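Protein chains: 2
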Amino acid sequence: MNPDYSRFKKRLNAFKGAVEERLETAFQGMDIPHELLRSMKYSLMAGGKRIRPVLCLSWAAMLGIPENKVLDFACGIEMIHTYSLIHDDLPAMDNDDLRRGKPTSHKVFGEAMAILAADGLHTQAFYMMAGTDLPAKDVLQACAEMSRAAGPAGMVGGQVVDIMATGGGKMDLETLKIMHSMKTGALIRSSCVCGALLAGSCGSGQKDQTNAADYGASAGLAFQIVDDILDVTGDEKSLGKQVGSDQSLGKATYPRFYGVQRSRALAQESVDRARSSLKGYAGQHKEFLEDLAQYIVDRIS
Amino acid sequence: MNPDYSRFKKRLNAFKGAVEERLETAFQGMDIPHELLRSMKYSLMAGGKRIRPVLCLSWAAMLGIPENKVLDFACGIEMIHTYSLIHDDLPAMDNDDLRRGKPTSHKVFGEAMAILAADGLHTQAFYMMAGTDLPAKDVLQACAEMSRAAGPAGMVGGQVVDIMATGGGKMDLETLKIMHSMKTGALIRSSCVCGALLAGSCGSGQKDQTNAADYGASAGLAFQIVDDILDVTGDEKSLGKQVGSDQSLGKATYPRFYGVQRSRALAQESVDRARSSLKGYAGQHKEFLEDLAQYIVDRIS
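Going down the list, the protein sequences come from chains G and R. Numbering of the first sequence is given in the numbering used here, commencing with residue 480 and proceeding in unit increments. Numbering of the second sequence is given in the numbering used here, commencing with residue 480 and proceeding in unit increments.
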């Protein structure tokens, strides 16, 4: 496999650049206590992969909506993702000291401020999303979709399944799959679906939403399997976090059930499924989404 | 003052009843981990005053939208309020053991689950609000308004101002006022404004939003002053929480700056301002909102 990623990476960096530029200005003109603003921006600008907003932007672009129209919504998704990482890292949860190569929020700002920085990002996410300059009907549907995916039946629920099983070794393969599909899968899937919903005024419909959901679910699963693999085989420096932390916490992972080689094959199958959801489309954005799916498996961090 | 509240209380209880009935069914048909659902409902159904949703419902009703049309949005507001209480009570924040006469969430479910129950309510709030069955343009504007008020420049920011000053005795009167206007004022004010925004299809406009904002800001300030007074003079049993907790935490309060008597006068002035924002309206909903403002000062819990 391993395609030549040079054109893909150029596009990926252009999308990432647009997201990061918008995130930088997201709080401008708002009267926010200085320390809160500092702690929110510390985590938000810590240099993530921006996979979720990029998925939203590129699905919307493939269906006809230019990227600048969807940027606020996409940045809202990244804020949701970032808030969830801050809370996951707290002492009461995973108690992580390092995230993306930097000390975690509570290590720098203390627990109270970390909790509130995340809460602030969580609410600001919906402020950004609700402000998207597209037909209100489409934006509202996308807000509902995203809040369902990020909520108690999605991302938050997945984190509960995770912490309730951690350490006790109680997680079987079935639970692991449910946990992944909620904790990381729901938000990645929904990022694609929201791209399709936001393109409603360009004629995007139910079939596109289904394709986006299928692509996102498969790409999300591949992403998670590879994350599990990298926790075993990865390089701490490229990853920017401790390796082996899942193992030391007794967490269930794909490699634990299937071994590394079979896990890698499962991730590739999932990527192939994601790519097959794109077969009805054409053009540069389709190619980008194909490469993005494959890149998820080939990445080293 | 002290009007005969019997008719008012009947209406208040009808509004409260409608809110609580809807809150009971808010998670139906959603696949939520059992323990998460239990912890969210524990706090949500702990019997608050439901002031915020009632304000939203009654402003919308006064401007022409029947209460059942706004119920989902109003319940979303109560979820935001509830999530903020759970996080405020955490050991890293106010470290409270008792809320509304019951052990706080982290005392019952542990810290990790309390954090996540609040996160789940926070996201579910926007799911409820976005699902409101009124013209998309109005609903979207109300979602944006509420997320601004509850976010880093509003409620979350107010909590940051509060915890940064607590204990250090650093809060002067000016900071106290800013803190209150953000921490509790913003959400109460916005509950009224959202009622006006949601009535857009009934011809409600900018002037109504301004009146709702003025009413809400004044009523919210009165509410907070009375809360401070009750922490000094109140009865633990009626309040359902420890009295004197603000004092023991060294928190700045209105009675500390003005004494109890002058604080009570300030609260009444604020209520009078709230009532004067209603002078352009008529009918039973106007009377209800007048009584509600007065009731805020006359309440004993």
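Keep in mind the hints are simulated off the structure, nothing from the lab. Keep in mind that this is a model prediction, so the values were computed, not measured. There's no promise every hint is true.
Pairs count within a copy or across copies, as identical chains cannot be separated in the list.
Claimed, not checked - Below, computed lysine to aspartate or glutamate pairings styled on EDC-like, alpha-carbon distance capped at 20 Å: (1) K656 - E514; (2) K616 - D551; (3) K488 - E769; (4) K686 - E514; (5) K489 - E500; (6) K686 - D612; (7) K616 - D576; (8) K765 - E653; (9) K495 - E748; (10) K656 - D510; (11) K656 - D576; (12) K495 - E766; (13) K489 - D510; (14) K586 - D612; (15) K649 - E514; (16) K489 - D751; (17) K495 - E769; (18) K758 - D706; (19) K489 - E590; (20) K548 - D575; (21) K649 - E546.
Which of the numbered hints are not met once you compare them with the structure shown? 4, 6, 7, 8, 9, 11, 13, 14, 16, 18, 19, 20, 21
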